[in-house]
Amino acid sequence: MIKFLLPVFIYLLFLVSFAYFFVMAFYFLLLSAITFFEEKRRVMELDAEDFTTLYSSSFTLPVSVIIPAHNEEEWITDSVKAALNLKYPEFEVIVVDDGSTDNTLKQLDSLLKLKPFDMPFAEYLRCGRIREIFKSQAYPNVTVISKDGGCKKAGAVNAALNISRFKYVCVIDADTIVEPDALIKVMAHAQKDPENIIGIGAYFGLVNGLKIKDGQITKWSFSHNPIVASQNIEYMRSLVVMRTAWSKFNVMPIIAGGFGIWRRDIFFELGGYSPEYSSEDLEFTFRVHDYFLEKNDKKYKVLMLPYIASWTEGPSNIASFIRQRNRWQRVTNETVWHYKHMIFNLRYRTFGFFVLPYFLFYEVSGVFIEVASIAFLVWGITVQVVDIRVFLAFFSFMVLTNTISSLLAIFIFTRDQKVFSMKNIIYFIVLSFLEFFWYKWIATIAKILGTLGWSKGIKTYDQYVRAAR
Amino acid sequence: MFNYYENVIWEIDGALFACALALSAFIIIYSALKDILWRKRNQRLAELKKSFQHLAEAGKNSIKDGCISLTGRVRPEEFLSITHDINSIIPRKFESQLRQCFISYNKLSDIERLAEKSGNKWKRIQAIIMLGYTKSESALNILKASLLNKDEDISYFSLLALGEMKDESSARALFDFLQKKIYSGYKIISLLESFPASVAEVAIEYTKSDDPFVRFWALRLLSKLKLRGGLNTIIELTKDSVPNVRAAACDCLAEIGGQEAAAGLRQCLYDNFWFVRMHAVRGMGKVLGKGSVREVSALIQDGNWLVRDAVKKVFEDNIEESLVVIEKIFSGNDDNAKADCTEVLEFSGYIDTMLKELLAKEPHTRTLVLLKGMVGARAHLGLEWSIKKFSSQERAHIISDIAQIDPLLSEHIDKKIKDIIKEP
Chain G
-13 MIKFLLPVFI
-3 YLLFLVSFAY
7 FFVMAFYFLL
17 LSAITFFEEK
27 RRVMELDAED
37 FTTLYSSSFT
47 LPVSVIIPAH
57 NEEEWITDSV
67 KAALNLKYPE
77 FEVIVVDDGS
87 TDNTLKQLDS
97 LLKLKPFDMP
107 FAEYLRCGRI
117 REIFKSQAYP
127 NVTVISKDGG
137 CKKAGAVNAA
147 LNISRFKYVC
157 VIDADTIVEP
167 DALIKVMAHA
177 QKDPENIIGI
187 GAYFGLVNGL
197 KIKDGQITKW
207 SFSHNPIVAS
217 QNIEYMRSLV
227 VMRTAWSKFN
237 VMPIIAGGFG
247 IWRRDIFFEL
257 GGYSPEYSSE
267 DLEFTFRVHD
277 YFLEKNDKKY
287 KVLMLPYIAS
297 WTEGPSNIAS
307 FIRQRNRWQR
317 VTNETVWHYK
327 HMIFNLRYRT
337 FGFFVLPYFL
347 FYEVSGVFIE
357 VASIAFLVWG
367 ITVQVVDIRV
377 FLAFFSFMVL
387 TNTISSLLAI
397 FIFTRDQKVF
407 SMKNIIYFIV
417 LSFLEFFWYK
427 WIATIAKILG
437 TLGWSKGIKT
447 YDQYVRAAR
Chain B
15 MFNYYENVIW
25 EIDGALFACA
35 LALSAFIIIY
45 SALKDILWRK
55 RNQRLAELKK
65 SFQHLAEAGK
75 NSIKDGCISL
85 TGRVRPEEFL
95 SITHDINSII
105 PRKFESQLRQ
115 CFISYNKLSD
125 IERLAEKSGN
135 KWKRIQAIIM
145 LGYTKSESAL
155 NILKASLLNK
165 DEDISYFSLL
175 ALGEMKDESS
185 ARALFDFLQK
195 KIYSGYKIIS
205 LLESFPASVA
215 EVAIEYTKSD
225 DPFVRFWALR
235 LLSKLKLRGG
245 LNTIIELTKD
255 SVPNVRAAAC
265 DCLAEIGGQE
275 AAAGLRQCLY
285 DNFWFVRMHA
295 VRGMGKVLGK
305 GSVREVSALI
315 QDGNWLVRDA
325 VKKVFEDNIE
335 ESLVVIEKIF
345 SGNDDNAKAD
355 CTEVLEFSGY
365 IDTMLKELLA
375 KEPHTRTLVL
385 LKGMVGARAH
395 LGLEWSIKKF
405 SSQERAHIIS
415 DIAQIDPLLS
425 EHIDKKIKDI
435 IKEP
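Chains as they are written, first to last, in my numbering: chain G, -13 to 455; chain B, 15 to 438.
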């Protein structure tokens, strides 16, 4: 019986897998085609924009920049300095020392000359116990909150939101170097329609290898570490190609915590970031879409801009990479499970039909289809049910579709933005051909571990050990 | 047994591999060419900017003579870059000559034709932006029409081009466009803010618009311009039927200042809407300074905490004048008002003055009344911090004064100062 069923099973699995990869390749090709035009449009918009008026006008919407930090003594100074270098008419910076056990607060004190400030604090958004609030003597627009840990990054951001003053907030990571013109480029869009623009994300690259001094990048020496370079390619695929295309139809599913701008009132409307998830950014963006689509609001917008706003640290070794992607997988599964009511639900329109199925079939289930297809084909070869040439043909198909998706992303990003040198671009191209042989499977291991972690209810915010600068 | 379509898959793989190689080669060649073109473009742009700078340095006659040939070398995309940077390239006094020169060379009619009809969207937008820069009369109608274009980019850059014109007609066009509510008031008014001060006359006209949204933003603009012209119109708007407009009128009057403005603000202190009252209180504080304390003091008992907060700020900024009022409140029955007054004493830093006064041989009666009021309000925040600044002998004196009012509290403060107990 098994001798009869096994070839049938392997054949069906093969057909399903091939169809899966074909559909995913087609989906990505479609998104690339959309982004091909949308990215060009955004870059042309940027070139033609009148930034002089934005810089000088008192009507340019002020922004609260929030930097949550937990044990970031090595990077917090550069990150805060970069924020202070922002060229924007009016903004405040709120740094949250979230229960750090290292010298993060000392570093902040040394840079900012902090003084305790007695101000009323109401916990509108859940954030945990506040130890002290400080005002900077050196920079009047900077406030530092020292609080107990325990509510993850979500609680840290919520604490800052509770005292933030302005209509829009910009959340960045503590290891992020924000570009001086990031706020003005992104807020130029919010300024047009603050009634309806709820959130804006922008591309951020990996800072690994770059030389930084006083919060500014002084040397553009991108890391040649293949783990880091492959992440750069992956960021181009997901942040530039996929999210820009989704943004065109207002179904952008994630404004990443590395750099994201939100209209402040939406946090208070929805209860702020939730510490109940392994990460806060994906779930909150889903919640925003759920909220507005449930109300049948057709005017709200969550945008993604394909130009560089900041640089953030990425994992530079396999262990750190797996740790990070493990957490990302957990939060993906948690979020898709929580918002499963939106899948193929007419009420949620394009989001329910175009984006959530992608998350379900690729981000959540895809890892199993990919592993199963390879595993069973290999098994099929060993029991002489499948010819090795079939396996090689199928494997080549997977490699090449992956390669082309990376190449398309590299082309679309580098076409209009001068960020990477020729050497970097050639390196990325070479890595694109090799990605499927190693990087893909390390990510797959992380995804499997993440899925196992999710099934056990693990929700920790695991910070990976970063490389020293 | 089963057909795995191996040959078909290999053919697909072959095509994909060829695509991948072609795409790789294309990316490399494209990037290399783009790098070269980018460098050449930047070099050219830098040279053009320098040439314009030299021309301007050489003086008016040189601009007249040399401008046309130089302008002839500028491509449309370079033009955008030059005009964005114009203030750093040539002095303002030569801008209009440069503009005339540009119009003469480029034949306005060609730019207008492109701005109206070009099939290439971004060429059309470039022409629209150029039209704004030319400030020609004929540009206005074209820009007004393209403002209403279905394409949001064409519409948006027409808006910016009108903002670049900075004259009365374009100001009217922008105010009229406000009514469409396509772009935010923030955006449109930020453009109008950079217009010459004469835009105030247009803004005053539009404060009489039927649309409250337009009235509101006209007032917001006037509050930035701070001109006294149209004061009566603005005072009238403190009685507008729409609360947002009334609040904006209060802000405007606050910026203008003067007794007449104060009279207008006074009308709004007891408005039905809390945010109108709040803006009126803030406005009074700004216009009358110390004199505002008596005007707003009754509102310390307002039902809305933001209004009370605004009153507290007035008290803090004018603490000496507020003491009489605070004293009266402490002798009353309103516990919330007492707690607010305690905060005022703390945030204004008056507690330190008060405690020093307590140490005097004959402290002022008011000081004792204020201390009793603060303690009675059960809002002793800040007392420990302030008391810690004194010597141990002085602390003992102050704590014994507090003990006469509330022995339990004095004991509690004493223990906190000595770190015997800590707040959770």
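Keep in mind the hints are simulated off the structure, nothing from the lab. Please read all numbers here as calculations on a predicted model, not as lab measurements. Wrong hints could be hidden among the right ones.
[As the list claims (entries may be wrong)] Taking lysine-lysine pairs in the BS3-like style, the calculated list, with each CA pair at most 25 Å apart, reads:
(1) G:Lys285 to B:Lys240
(2) G:Lys409 to G:Lys445
(3) G:Lys26 to G:Lys404
(4) B:Lys137 to B:Lys158
(5) G:Lys178 to B:Lys149
(6) G:Lys234 to B:Lys195
(7) B:Lys164 to G:Lys234
(8) B:Lys63 to G:Lys178
(9) B:Lys375 to B:Lys327
(10) B:Lys149 to G:Lys284
[Claimed, not checked] Facing chain G, from chain B, some residues (calculated, C-beta under 8 Å):
(11) Phe93
(12) Ile96
(13) Ile168
(14) Tyr200
(15) Phe227
In this text, a Cβ means the ideal position worked out from N, Cα and C, and glycines have one as well.
Each hint tested on the structure:
1. Between the alpha carbons of lysine 285 of chain G and lysine 240 of chain B the distance comes to roughly 35 Å, so the proposed pair goes past 25 Å and is violated.
2. At most 25 Å may separate the alpha-carbon atoms for a hinted pair to count; lysine 409 of chain G and lysine 445 of chain G exceed this at roughly 40 Å.
3. A C-alpha spacing of about 14 Å is found between lysine 26 of chain G and lysine 404 of chain G, which places the hinted pair at or below 25 Å, so the restraint holds.
4. For the hint pairing lysine 137 of chain B with lysine 158 of chain B, the CA-to-CA distance comes to about 18 Å; that is within 25 Å, so the pair holds.
5. Of the supplied pair hints, the one linking lysine 178 of chain G and lysine 149 of chain B holds, its CA atoms being roughly 23 Å apart against a limit of 25 Å.
6. Only pairs whose Cα atoms come within 25 Å are accepted, and lysine 234 of chain G paired with lysine 195 of chain B is accepted, the gap being roughly 22 Å.
7. At roughly 16 Å between alpha-carbon atoms, lysine 164 of chain B and lysine 234 of chain G fall within 25 Å of each other, so this suggested pair holds.
8. Taken as a hint, the lysine 63 of chain B and lysine 178 of chain G pair is broken in the structure, with Cα atoms around 31 Å apart against an allowance of 25 Å.
9. A C-alpha spacing of about 32 Å is found between lysine 375 of chain B and lysine 327 of chain B, which places the hinted pair above 25 Å, so the restraint is violated.
10. Of the supplied pair hints, the one linking lysine 149 of chain B and lysine 284 of chain G is violated, its CA atoms being roughly 38 Å apart against a limit of 25 Å.
11. For phenylalanine 93 of chain B, the shortest C-beta to C-beta distance to chain G is roughly 11 Å, which exceeds 8 Å, and the interface hint is violated.
12. Below 8 Å, beta-carbon pairs count as interface contacts, and isoleucine 96 of chain B has none with chain G, the closest being about 13 Å; its hint is therefore violated.
13. For isoleucine 168 of chain B, the interface hint is violated, the least distance from its beta-carbon to any beta-carbon of chain G being 11 Å, above 8 Å.
14. Residue-level restraint check for tyrosine 200 of chain B holds (minimum Cβ-Cβ distance to chain G is 5 Å; threshold 8 Å).
15. Below 8 Å, beta-carbon pairs count as interface contacts, and phenylalanine 227 of chain B has none with chain G, the closest being about 11 Å; its hint is therefore violated.
Hint check: violations occur at hints 1, 2, 8, 9, 10, 11, 12, 13 and 15; the rest are consistent with the structure.
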